[in-house]
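Asks: From first to last, the protein sequence lines are chains P and C.
First residue of the first sequence: 1, per this note's numbering; consecutive thereafter.
First residue of the second sequence: 1001, per this note's numbering; consecutive thereafter.
Honestly, I wouldn't trust all of these hints.
What the hints assert, rightly or not - Short, incomplete list of chain C residues facing chain P, as computed with Cβ under 7 Å: (1) P1011; (2) G1014; (3) L1027; (4) L1087; (5) L1090; (6) R1130.
What the hints assert, rightly or not - According to the in silico footprint, chain P covers these stretches of chain C (three or more CB under 8 Å from chain P): (7) 1070-1079; (8) 1091-1103.
The set of hints was computed from the structure by calculation and includes no laboratory data.
Glycine included, every Cβ here is placed at the ideal spot set by N, Cα and C.
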Amino acid sequence: MADTRSAGRPIGPFGAGRAVAENVVHQIVNGVVRELDIDGIVAQVDVDALLERIDIDAIVAQVDIDALLERVDVDAIVGRIDLQALVADLGIEDIVRQSTGVLASDSVKLVRVRTMNGDVLLGRFVDRLLRRPPRYPELVPMAVTETVA
Amino acid sequence: MSAVALQEISPRHGQPAGIVSRGAAALVDFGVVWLISAAISLSVDLVQSVLGTDASNDLGALGAVLAGAALLFTYLSLCWIVGGRTLGQLLLGLRVRRVGGSRIGFFQAVARGWMATYLLALLLWSVVSRRSAAVWDVVLRTEVVYDWTKAEPHPK
């Protein structure tokens, strides 16, 4: 029955010699590698020239984008997005509601105030012509009341 | 989050409105009545085309003016009866009421609508009136005031 090592490799009649040879080779290789200046070798490589020789366009042209996209389950990705939470985080509803409300309110208020000022100016002008006290008193500060909807 | 709405009150709340505001409101009301008359005319044309009747029964210029005036009279009267303000007055923040602040009555609204339609030039009296009253306001004891609120005036 053949003798075996722990690695399970059979040791034949020349097994001992082979092991010695392998050990010698390993030591030689390790020594060579130790002595090699890897950084120096890499520094000698002209990476730019190497990249120039690579035809990126040709590589990209070989990629089947359609097939790649078909493998992507967009529906599953979109389904994982909680749009309601996203909208709530951004506060878009509040922004839209506030901006439209303010715009409409401001436009109407602008028309009302301008026509009212027109009334006052014309009224005071006519009252001055007729030499009588002005019909419109001095403006009082605008009152604002809050109502909770 | 509770929505807090700011309800502004006109800085001249309750004071009589002048001819600029009232004229602007009248222009809006003319536009509304024009839209209503256009819708009615379109509907009549549509019905006539469906029924296949002859559409040669045009009112003519005078008839169109009379029909428009009748429509304006109806519109003004109904608006003042229902809410005390027309759509134009709602936009401009005006309200028609009796002198003293109570709500305008039915006959006042109708008489006011008739005079404001067929005697529109009498609005010019508001330029010189001490309380910016048109002739129909003097006759009917009504007034047009600044009122930006949505609340009803005092019950009649």
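Asks: For this structure, which hints from the list above don't hold up?
Replies: The structure breaks hints 2, 3, 4, 5 and 7; every other hint is satisfied.
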